[in-house]
Amino acid sequence: MEWKRKDLLSLYDLTAEEIVFLLDTAEEFKKVSERKVKKVPALRGKTVVNFFVEPSTRTRVSFELAEQRLSADIVNMQAAVSSLRKGETLLDTVRNIEALQVDLVVMRHSAPGAQAFIAKHLSCGVVNAGDGAHSHPTQALLDIFTIREKKGCVKGLNVAIVGDILHSRVARSNIWGLLKLGANVTLAGPATLVPREFEEIGVRVCHNLREAIADADVVNLLRIQHERQAAGFFPSTGEYAKFFGINRETLKWMKPDALIMHPGPINRDVELTSEVADGPNSVILEQVTNGLAVRMAVLFLVAGCVKK
Amino acid sequence: MEWKRKDLLSLYDLTAEEIVFLLDTAEEFKKVSERKVKKVPALRGKTVVNFFVEPSTRTRVSFELAEQRLSADIVNMQAAVSSLRKGETLLDTVRNIEALQVDLVVMRHSAPGAQAFIAKHLSCGVVNAGDGAHSHPTQALLDIFTIREKKGCVKGLNVAIVGDILHSRVARSNIWGLLKLGANVTLAGPATLVPREFEEIGVRVCHNLREAIADADVVNLLRIQHERQAAGFFPSTGEYAKFFGINRETLKWMKPDALIMHPGPINRDVELTSEVADGPNSVILEQVTNGLAVRMAVLFLVAGCVKK
Amino acid sequence: MEWKRKDLLSLYDLTAEEIVFLLDTAEEFKKVSERKVKKVPALRGKTVVNFFVEPSTRTRVSFELAEQRLSADIVNMQAAVSSLRKGETLLDTVRNIEALQVDLVVMRHSAPGAQAFIAKHLSCGVVNAGDGAHSHPTQALLDIFTIREKKGCVKGLNVAIVGDILHSRVARSNIWGLLKLGANVTLAGPATLVPREFEEIGVRVCHNLREAIADADVVNLLRIQHERQAAGFFPSTGEYAKFFGINRETLKWMKPDALIMHPGPINRDVELTSEVADGPNSVILEQVTNGLAVRMAVLFLVAGCVKK
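Protein chains in written order, with our numbering: chain B, 4 to 311; chain R, 4 to 311; chain L, 4 to 311.
It is worth saying that the hints were derived from the structure and are not from the lab.
A portion of the hints provided could be inaccurate.
Same chains, same names: a pair is fine if it fits in one copy or spans any two.
[What the hints assert, rightly or not] Under the rule of at most 25 angstroms between Cα atoms (straight-line distance), these lysine to any residue pairs were calculated in the SDA-like manner:
hint, residue 1, residue 2
1, Lys89, Thr292
2, Lys89, Glu242
3, Lys89, Val56
4, Lys310, Val40
5, Lys39, Ser74
Let the hints inform the model, and build the full structure from the sequences given.
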């Protein structure tokens with residue numbers, strides 16, 4: 004197939020074929036980072052602006068390295084120092100970026116849909132690096148890439164996603180991508196964070212960990228954010244760990260070859276114990292490695308669809 | 004002509020011939036950003052330090068992209084993290100930068116004359132990216148470049164600059180550059196912000212918008228900074244907009260082909276309404292595009308005069 | 004000899020032969036920054052992460068320029084925006100960095116031994132850019148490089164280090180390096196900041212400036228940090244300057260060709276007066292220049308020992 008999108012906004016928009024094409028392209032790019040000279044000239048003379056209105060280290064660094072390994076020119080803009088503080092509209096800010104003849108804008112924003120809004124108005128490409136609780140497509144792609152790499156396929160697999168589904172863009176993006184590729188998705192967590200309404204999109208909802216992970220091939224543990232606890236969504240991290248944490252004992256409830264995934268940063272002894280995080284089922288650090296390959300693939304493909 | 008300055012400090016220092024030479028050079032560099040590979044090796048192996056003691060997004064990003072498209076090595080230093088906080092003198096800080104065998108320092112500073120002071124003591128080149136209310140030469144050059152590009156010439160044109168002239172380095176630099184190239188300059192705004200004393204340097208001062216823009220070929224609207232209002236220079240942004248804002252009605256007072264310019268970031272519904280900002284007279288985003296070309300030209304020319 | 008370390012953690016670990024090999028390599032790299040094109044492809048396609056958990060301008064900029072002149076790909080991470088704030092362990096943070104197939108991590112951290120701890124767990128190389136009051140090996144190497152360059156050798160020289168020895172990683176690293184190369188080291192300063200215990204490692208301790216510098220070939224003045232005064236280690240910077248500052252008068256106590264060194268940023272009229280800082284004995288700015296060469300050598304050598 005031929006890639007035809009100048010923007011990557013959400014896995015919800017993509018066909019299964021497009022997702023598979025992205026994963027296949029990422030496989031090729033993964034080899035670049037294994038070489039002695041970790042660099043290809045694919046985006047030489049192209050400019051990428053990393054515009055992070057919401058702070059981020061891990062995603063920003065991963066994108067920045069992906070851009071460097073594609074030989075792009077890179078400019079970083081962060082919220083705290085941007086003109087947004089001076090009352091400029093978001094659209095004016097990005098139109099100014101575009102007027103600098105930039106090819107791609109990688110953007111994180113707290114407002115769901117912010118990237119989709121600007122993509123409509125800009126001729127340069129837009130890559131969504133996370134918009135509120137809505138979507139984080141490159142995270143889901145790296146998760147699915149890792150599953151496919153380890154399990155050989157995605158279709159028919161049972162994937163359990165555990166944690167704060169309600170507020171998680173990682174969960175939403177994973178759900179859309181996994182369902183399109185034919186996986187069976189189970190969501191698990193406290194009822195306050197995993198409402199029954201999710202069943203309407205074709206997933207199983209489960210408030211009991213054992214039940215959720217019993218037949219899982221993959222268990223993806225979401226990060227518990229402490230502000231949720233403050234807001235009364237669950238009583239304490241200790242209680243969360245007791246009912247939904249993966250430890251030596253609860254690990255036995257899973258298939259022996261099930262994968263343990265986590266988007267990071269992990270809270271040791273909350274979502275999972277150190278034995279599990281550093282144990283043989285964990286592919287957490289491989290997710291990070293694959294994230295780079297996936298982002299190289301995304302940047303490369305969308306850049307090819309930007310005019311001029 | 005041959006360019007002979009290792010520093011660009013102020014348009015006040017330049018001859019008309021030098022300004023024209025800069026504009027002509029920028030015209031050549033403008034083509035680079037229109038190519039598929041937006042990059043030339045002109046400054047390969049040269050080091051540029053962007054030293055912004057006063058924060059900036061738009062100017063800093065524009066310089067950084069200009070440097071990347073010239074293939075320079077770039078280091079960014081910002082006030083908040085610099086040794087200035089530890090009590091080091093400005094001269095010691097920049098001597099330390101110079102000792103790292105840097106070729107160019109692009110500097111923004113709140114003190115008028117800061118760049119001229121350090122340029123005298125350093126053998127590397129110094130480019131003024133704004134010094135207090137004094138001078139912002141690359142902004143004026145990009146304004147004049149845009150005027151020349153759109154109108155074919157500068158000599159004999161009527162240029163109105165509207166807003167807070169008193170505190171504006173953009174206004175001062177424009178005045179010097181425009182007068183040298185033979186334009187007629189009118190300054191307009193509230194009397195508190197546009198004192199009569201400016202008449203002594205050969206411009207017209209006007210406290211009535213209609214009168215100021217009636218015969219203007221170009222209307223350059225300066226950003227209203229809200230701290231001025233707090234300081235009592237004018238009663239409210241609403242009143243400012245009423246007397247000096249450009250909207251559908253006041254636009255009719257101008258020649259139909261007059262250019263609307265603004266250094267950004269714009270305050271929609273203060274200096275101008277959205278109809279005007281996004282309308283056919285506006286060249287605001289083209290100014291941004293031209294800024295990159297002008298900065299490439301400046302960096303290229305001054306780097307050629309730095310010893311070693 | 005052949006360099007065999009993937010990490011540079013402390014001069015305490017190195018043999019005299021290794022230190023000399025580093026200095027010789029730095030001599031070669033010093034020539035690169037004197038060229039028109041200040042760049043070699045030695046680290047092309049390698050990735051270096053500058054991870055500064057403690058803020059720094061001068062060391063960070065020096066490392067960043069060294070990396071650029073070696074053609075490395077560079078990512079900067081700073082404490083304020085890192086995942087450490089989200090409760091991630093240091094080891095998890097750097098394991099995540101490593102999973103991005105990074106070759107080298109240059110790290111500053113307030114905890115002594117932080118770099119040694121992570122170096123043990125990572126396959127990528129680790130360069131210590133300062134760990135608490137413990138060690139700052141590249142600073143000591145640039146000091147020793149400057150001494151050797153100016154004096155022709157290090158063995159048998161008398162080196163006085165003046166100031167707050169107790170809290171200084173610069174002092175500790177200098178002491179280890181200088182002793183290994185056969186210099187005689189004298190420490191001088193107020194008794195609260197230069198405890199007698201240092202004598203046990205083979206240096207002279209002295210609470211009288213005149214005595215300390217009378218036979219010195221090199222006088223290295225450490226920066227007085229104002230927080231020490233607040234903590235009661237000495238009464239006032241005025242009193243410090245009176246008893247331990249170098250000025251026109253106290254300069255006469257030294258040999259006429261003694262070198263004045265300082266790691267910067269200097270406090271004029273505290274550790275030394277302007278006459279001394281800018282006078283013929285001062286090699287302070289040459290230290291900065293040499294720092295770049297030393298860091299290029301360190302990065303180049305350790306990168307050669309990183310697997311893959």
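Of the hints given before, which are not true for this structure? Violated hints: none at all, because every hint is consistent with the structure.
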